[in-house]
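Student: Chain A is already provided as a structure; the job is to place chain B on it using the hints.
There are 2 protein chains.
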Amino acid sequence: MRIALDAHGGDDAPNSVVEGLKLAAEKWPETSFILIGTDDSLLQGNNLQNIQFHKVSEIIAPEDEPVKSVRKKRDSSMVVGCQMVRSGEADAFISAGNTGALMASGLFYTGRMKGVDRPALSPVFPTLENKGILVLDVGANPEAKATHLHQYALLGSVYVKHVLGIDNPKVGLLNIGAENGKGTTLTKDAFELMEGDSRLNFVGNVEAREVLYRPCDVLVCDGFSGNILLKGTEGVAKALFDRLKGAFTKNIFTKLAAGILYPQLKSLKSEMDYKEHGGAPLLGLSGVIIKAHGSSDATAIFHAIRQARLFAGEEIIKQMEDNLHPMEGNVGK
Amino acid sequence: MRIALDAHGGDDAPNSVVEGLKLAAEKWPETSFILIGTDDSLLQGNNLQNIQFHKVSEIIAPEDEPVKSVRKKRDSSMVVGCQMVRSGEADAFISAGNTGALMASGLFYTGRMKGVDRPALSPVFPTLENKGILVLDVGANPEAKATHLHQYALLGSVYVKHVLGIDNPKVGLLNIGAENGKGTTLTKDAFELMEGDSRLNFVGNVEAREVLYRPCDVLVCDGFSGNILLKGTEGVAKALFDRLKGAFTKNIFTKLAAGILYPQLKSLKSEMDYKEHGGAPLLGLSGVIIKAHGSSDATAIFHAIRQARLFAGEEIIKQMEDNLHPMEGNVGK
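Heads up: the protein sequence lines correspond to chains A and B, in order. Using our numbering, read the first sequence as starting at 1 and increasing by one per residue. Using our numbering, read the second sequence as starting at 1 and increasing by one per residue.
Just so you know, the hints here were simulated from the structure itself, not pulled from any lab data. Wrong hints could be hidden among the right ones.
Same chains, same label: a pair holds when it works inside one copy or across any pair of copies.
As the list claims (entries may be wrong) - Below are the DSSO-like pairs computed for lysine-lysine, each with C-alpha atoms no more than 30 Å apart in a straight line:
1. K182 to K161
2. K245 to K131
3. K238 to K255
4. K266 to K238
5. K250 to K131
6. K161 to K318
7. K27 to K161
8. K170 to K145
9. K72 to K188
10. K68 to K182
11. K238 to K188
12. K145 to K131
13. K250 to K269
14. K145 to K161
15. K318 to K145
16. K68 to K188
17. K255 to K269
18. K170 to K238
19. K245 to K269
20. K269 to K22
21. K269 to K131
22. K318 to K114
One chain only, chain A, in its complex shape:
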């Protein structure tokens, strides 16, 4: 298996990418890695035989307009990585760079899966007890239709089963009330499509306040609402931890007390940490493309590679396609 990485995506790139890559290359010597970047001195001093460097001339910047930049910057690390997945030169590509550009590059240069209208950005949301829940879409497609949500459910179910190892995964629909018939035309129509599909283990509507308690394994939503949920959750968790830190360092007594509580706090913080869950796959592309978090450190990159190995390992893309195109008569039973 060959996994390609974008050396230039993310706040701490290229260092975090190189460090995370080295950790992974040591752990999985049978996997080959291709680091794509503009500066071939990045791997200086590297003795690991399973890492090679692919030199490109351009970088897509965080502020670049997605569609224009991937059309123009043909020799950028992001475009070349997506092309490698299409050609089979790589089995997976990971980037922590510009999310919109990665999605555009995936659409143009890797291609969509047959039967998918709009691919979805699909992170695993941290939940209590560290299990996580796959949420899709969180912003690739802000104006979704009911058929898109239905496709997300089918794609997410296969992903969670094979990559996270959860059999018969429960699928929920993000909504503003738990009862049937709640929400907008979009959620009502999507509810009906999912309820009538025997390939899905559909558990109905899920309210935003339940998400951390993990009411399902796959949570389906339009990209706008998903983004609000994701960023709202991140924002509150960050603000509360920041404030706790401030409160606990107020004086010598609070510092001592916080020292005693430190293991508990650390474990709670790690439960809520996205890093251990890897990156967000772009589900619905015809290859394995993973968006790592923009603030990824070496550990987060390492976990994104672990995830890419699982995702690229079992012909999961093919199984997703089969799930979207079942044999006649298999739907709605």
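Tutor: Structure of chain B alone, referenced to chain A:
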């Protein structure tokens, strides 16, 4: 001024309502209160001259279908309260009951403000440092149009100025990116309407992760996204505090440490507490109707009454109407 209260709305009703009412009636002896309920023994032993009881025969239950129940249960506390506001018998009505039914009852029996298509449920969101931010809509109108969002901005600005005392309040638009041109057709159109309106101090797009840091005084959104933001935030804050509590009571050492940190934790928790911010006004109705939180205790009811006094006090409804219908040539300058 006369303020009417629904004795039967909310998880701890009628006790929490009666207790909160008594606190308020003692604090503001010049204000008259009308408690609307089915059981006239509720005020037994009450010596406060400024509370009277209005007996009704029916209650709207939490599980009642909103529109049907308010059409049918004409002698329910909720319907009678909304009618009292219309007739002028009361200057404000507060209920902690079924949100959908209160909105329906307000629409049918109190009426909409001229120039408003869809009233909005408009709570003050707790933020760090306890200031709060008015968010509208959080679910009254899940399928909003750009003109609705524009109206929310105008209504919210007047409310925040007069009830919360913030001059020239900053208005933000909840969106999935900070840059102009982000989001859906809805947010793009609403952005344009608000940007071109000289009555508004429009500060542009606001991402969900910023909300707790209070980037604006009024945050405008469609009811679906607003509901996701509200419940997502509540859910995370509750889950984290629950887990902290669990971690801190693990053994004798953590209990001692938590005892030292208790004042800090308590102050952080109170910052994030909705109760001190009162209830959510239904902005866009032609009278003062306030939805108190379903889990309101006596303190929350007391604060909702404080808020109703401010809202009903200064002809604010009239100022909202004037703001929606400015003199010719006042728009877009």
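Student: Hint by hint, say whether it matches the structure.
Tutor: Status of the hints after comparison with the structure:
no.: 1; hint: K182 to K161; in the structure: within (28 Å within a copy, 34 Å between copies)
no.: 2; hint: K245 to K131; in the structure: both (25 Å within a copy, 21 Å between copies)
no.: 3; hint: K238 to K255; in the structure: both (20 Å within a copy, 24 Å between copies)
no.: 4; hint: K266 to K238; in the structure: both (14 Å within a copy, 18 Å between copies)
no.: 5; hint: K250 to K131; in the structure: between (33 Å within a copy, 22 Å between copies)
no.: 6; hint: K161 to K318; in the structure: within (14 Å within a copy, 58 Å between copies)
no.: 7; hint: K27 to K161; in the structure: within (24 Å within a copy, 60 Å between copies)
no.: 8; hint: K170 to K145; in the structure: within (21 Å within a copy, 33 Å between copies)
no.: 9; hint: K72 to K188; in the structure: between (40 Å within a copy, 26 Å between copies)
no.: 10; hint: K68 to K182; in the structure: between (39 Å within a copy, 16 Å between copies)
no.: 11; hint: K238 to K188; in the structure: between (33 Å within a copy, 29 Å between copies)
no.: 12; hint: K145 to K131; in the structure: within (29 Å within a copy, 38 Å between copies)
no.: 13; hint: K250 to K269; in the structure: both (20 Å within a copy, 17 Å between copies)
no.: 14; hint: K145 to K161; in the structure: within (25 Å within a copy, 39 Å between copies)
no.: 15; hint: K318 to K145; in the structure: within (24 Å within a copy, 40 Å between copies)
no.: 16; hint: K68 to K188; in the structure: between (36 Å within a copy, 20 Å between copies)
no.: 17; hint: K255 to K269; in the structure: both (18 Å within a copy, 19 Å between copies)
no.: 18; hint: K170 to K238; in the structure: both (28 Å within a copy, 24 Å between copies)
no.: 19; hint: K245 to K269; in the structure: both (12 Å within a copy, 14 Å between copies)
no.: 20; hint: K269 to K22; in the structure: within (26 Å within a copy, 43 Å between copies)
no.: 21; hint: K269 to K131; in the structure: both (14 Å within a copy, 26 Å between copies)
no.: 22; hint: K318 to K114; in the structure: within (10 Å within a copy, 57 Å between copies)
No hint from the list above goes unmet by this structure.
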